[in-house]
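Colleague: One letter stands for each residue in the lines below.
2 protein chains.
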Amino acid sequence: MDRVYNFSAGPGALPTEVLEKVRDNLLSYEGLGMSFMELERSSPEFSAIVHEAEDALRRLMNIPSNYKVLFMQGGATLQYSAVPMNLLSAQKRADYIITGQSSKHAYSEAKKYGDIAIAASSGGALPAFSAVPVTSRSDFRPDADYVHICFSDQVYGTKFHYIPDTGNIPLVADMSSCILSEPIDVTRFGVIYASAQQNIGPAGLTVVIVRGDLLGNARPDTPSLMNYKLMYESSSMYNTPPIFAIYTAKLVFERIAELGGLDEMKRRTEKKASLLYDFIDKQPYYTATADSRCRSMTNVVFTTGDGELDRRFIAEAKDRGLVNLAGDKTIGGMRASMYNSVSYQAVQKLVEFMNEFAMNNPKVQT
Amino acid sequence: MDRVYNFSAGPGALPTEVLEKVRDNLLSYEGLGMSFMELERSSPEFSAIVHEAEDALRRLMNIPSNYKVLFMQGGATLQYSAVPMNLLSAQKRADYIITGQSSKHAYSEAKKYGDIAIAASSGGALPAFSAVPVTSRSDFRPDADYVHICFSDQVYGTKFHYIPDTGNIPLVADMSSCILSEPIDVTRFGVIYASAQQNIGPAGLTVVIVRGDLLGNARPDTPSLMNYKLMYESSSMYNTPPIFAIYTAKLVFERIAELGGLDEMKRRTEKKASLLYDFIDKQPYYTATADSRCRSMTNVVFTTGDGELDRRFIAEAKDRGLVNLAGDKTIGGMRASMYNSVSYQAVQKLVEFMNEFAMNNPKVQT
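From first to last, the protein sequence lines stand for chains A and B.
Using my numbering, you'd call the opening residue of the first sequence number 1 and step up by one each time.
Using my numbering, you'd call the opening residue of the second sequence number 1001 and step up by one each time.
Simulated from the structure, these hints should not be mistaken for lab results.
Just so we're clear, the structure is a prediction, and the values are computed from it rather than from any experiment.
Check each hint, because a few of them may be wrong.
[Claimed, not checked] Listed below are the simulated DSSO-like cross-link pairs for lysine-lysine, each with C-alpha atoms no more than 30 Å apart in a straight line:
hint : chain 1 : residue 1 : chain 2 : residue 2
1    : B       : K1271     : B       : K1282
2    : B       : K1092     : A       : K111
3    : B       : K1229     : A       : K229
4    : B       : K1021     : A       : K21
5    : A       : K112      : B       : K1271
6    : B       : K1104     : A       : K112
7    : A       : K92       : B       : K1318
8    : B       : K1111     : A       : K21
9    : B       : K1271     : A       : K229
10   : B       : K1111     : A       : K229
11   : B       : K1021     : A       : K92
12   : A       : K111      : B       : K1229
13   : A       : K104      : B       : K1229
14   : A       : K111      : B       : K1021
15   : A       : K112      : B       : K1229
16   : B       : K1266     : B       : K1363
17   : A       : K112      : B       : K1282
18   : B       : K1271     : A       : K92
19   : B       : K1229     : A       : K329
20   : A       : K318      : B       : K1021
21   : A       : K229      : B       : K1282
22   : B       : K1112     : A       : K104
23   : B       : K1318     : A       : K229
24   : B       : K1112     : A       : K112
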């Protein structure tokens, strides 16, 4: 079966080997005569999948035992509400760093629940959100309950090149589009969360990693299914969890471990990103829009500078089996998302095509 | 591949034909070279799946155009919060009918958001929750924003044998364990919701059918992803929806239509339920625990009256390929869930086994 080179920003490509294993267990899971999706929730096989997925992620990310791992639903979007509902204390104060649409969205949602401030923003950069603001401890209110960042921005193709120093204030990070692309020092964060459909698995699952001492402060009107403490106490089985997505994620975690873990993912991610950025930097036809100090390694955003050429590029690339290269509709242009399942070969093919397209479509001098 | 007879209460059995189609599209969806799970959210193929699933459900359930169909996440449990958050008005008053654990849970959750009353309960029946209370319009507060019921109860194996008359007050029904087992007059309800993992598809999806005039009253602090109006305005794509579950549900809806729609599902469901209940009623060894006027057609709860025999029954049945027959841990005994994907033949095999087990395991006279 011919698989295309899929540069989708989300849902992203999944490892072919994982999809094959899912396929082989779809009608009969490990010889039980029923799918893993048809296991009764109270069965030992069902909870084994959930526990094994957690254990595999803990090993992969080296998550300390005082951090809880929760499998939730609703994507990053529901976490935009769950974070303030769970973490705001009596004074209800939190600080947000704005680096694009996702962080703006997280900020607007949080404002429903407290006194939320913008500690820093790259909205004033030129072009807007092409960089990530540099912050220091003094940018944050000392009595803030937490500081929130989107660790990388999918639309603008930026990423924090440093971990903000927030002192004793817990740092909360949406890592949806960069999780599992490199090792992360979990202890620098109060909460890390990520929707699955970039580097973890299928849409419909959210991974939340939360420091144990932050549990138990939820607003009384927090929906039970969004309450970190209840989710922890029920081992993420407060109700029937999305077992298909959890099973697939478990296979992804195990696959990454087989390949060499997050050090190896980092090596591969940087190799792919360097190939593409180096090519872009060495020629005048394409431009990468993100500030070179803040470039995302997983979402490379670039343009010819001409909307008509960009559209032609995307269409012709698709005909070559290089698909989902359109940029987000907010800013247009192109975006090559290179999550773990995108091969080095895919990026080589992309660069070849970019070269060829530039030669065949000279820009009109104006 | 040998598939067992799966009587799981949830996640329930899925149609083999649907699982085969999922399997065949798992690595390359309709020849596109990528899985339906790897389609970019902004692609036309992605939104086509969501729209086709909605259309198929509308046809199947004959949903009038003034009702909105939403695909959400978080199961029935998140709806226990979403319903009061979306429907309570200024006076924040709603009435609940309690018929078991699910409705108790829904009630407790709603109490976080307003003045919630128990209009009727079958908790005082003997045994508790073996029946469904009969109500009349006078049981409900005239200024209640809605009346909530669980249309069938999975634990106790009961079902409303009538639709409560609530006058002008919108009736909200959790139909998780009976949806798609028979035609329903949607116009009698303000909101119908159901988690997918019984009769719709895999866990991780919730179907919400809401009358249009009930949109737009959500509390200001309702998480956006739980806001019915925002979900409607975005065609259930406010963020990336659980596309795997939606695609599978679409195939289930189409499969049911092929088989003859909900009239045919009702005929089949009643035929299966009659076979089992008639057998139970005609012999003294097993007893069905639900009041005969309020029996669920999809969750048949029964017992030998002897915990030790019940355990032996469940274990020996499993050895025969009749699996997931244990009752909910709250009440023990046996439960045969017979959703649309459970064949008549499966129930025949079950009855055969029940007969044989009774002969081989005479009860000790006490």
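Colleague: Against each hint, give a clear statement of whether it holds in the structure.
Modeller: Structure-based check of all given hints:
1. A hinted pair counts as satisfied when its Cα atoms are at most 30 Å apart, and B/K1271 with B/K1282 qualifies at roughly 16 Å.
2. The straight-line distance between the Cα atoms of B/K1092 and A/K111 is roughly 23 Å, inside the 30 Å bound, and the hint therefore holds.
3. Taken as a hint, the B/K1229 and A/K229 pair is honoured in the structure, with Cα atoms around 29 Å apart against an allowance of 30 Å.
4. Proposed proximity of B/K1021 and A/K21 is supported: the alpha carbons are some 16 Å apart, at most 30 Å.
5. A distance of roughly 51 Å separates the Cα atoms of A/K112 and B/K1271; the hinted pair therefore is violated under the 30 Å criterion.
6. With a C-alpha separation of about 29 Å, the suggested pair B/K1104 and A/K112 falls inside the 30 Å cut-off, and the hint holds.
7. Note on A/K92 and B/K1318: the hinted pairing is violated, with a Cα-Cα distance of about 53 Å set against a maximum of 30 Å.
8. Between the alpha carbons of B/K1111 and A/K21 the distance comes to roughly 44 Å, so the proposed pair goes past 30 Å and is violated.
9. With a C-alpha separation of about 45 Å, the suggested pair B/K1271 and A/K229 falls outside the 30 Å cut-off, and the hint is violated.
10. Taken as a hint, the B/K1111 and A/K229 pair is honoured in the structure, with Cα atoms around 19 Å apart against an allowance of 30 Å.
11. With a CA separation close to 50 Å, the supplied pair B/K1021 and A/K92 exceeds the 30 Å bound.
12. As the CA atoms of A/K111 and B/K1229 are separated by approximately 19 Å, the hinted pair is consistent with the 30 Å bound.
13. Our distance criterion of 30 Å between C-alpha atoms is met by A/K104 and B/K1229, whose separation comes to about 21 Å.
14. With a C-alpha separation of about 44 Å, the suggested pairing of A/K111 with B/K1021 is violated against the 30 Å cut-off.
15. A threshold of 30 Å between alpha carbons decides the hint, and for A/K112 with B/K1229 the separation of about 17 Å falls inside it, so the pair holds.
16. As the CA atoms of B/K1266 and B/K1363 are separated by approximately 36 Å, the hinted pair breaks the 30 Å bound.
17. Restraint check: the Cα-Cα separation between A/K112 and B/K1282 comes to about 60 Å, which exceeds 30 Å; the hinted pair is violated.
18. Taken as a hint, the B/K1271 and A/K92 pair is broken in the structure, with Cα atoms around 57 Å apart against an allowance of 30 Å.
19. Annotation: proposed proximity of B/K1229 to A/K329 holds, straight-line Cα distance about 23 Å (limit 30 Å).
20. Proposed proximity of A/K318 and B/K1021 is supported: the alpha carbons are some 26 Å apart, at most 30 Å.
21. A hinted pair counts as satisfied when its Cα atoms are at most 30 Å apart, and A/K229 with B/K1282 does not qualify at roughly 49 Å.
22. A hinted pair counts as satisfied when its Cα atoms are at most 30 Å apart, and B/K1112 with A/K104 qualifies at roughly 29 Å.
23. With a C-alpha separation of about 36 Å, the suggested pairing of B/K1318 with A/K229 is violated against the 30 Å cut-off.
24. This hinted pair checks out: B/K1112 and A/K112 have alpha carbons roughly 17 Å apart, not beyond 30 Å.
In this structure, the earlier hints numbered 5, 7, 8, 9, 11, 14, 16, 17, 18, 21, 23 are contradicted, and the remaining ones agree with it.
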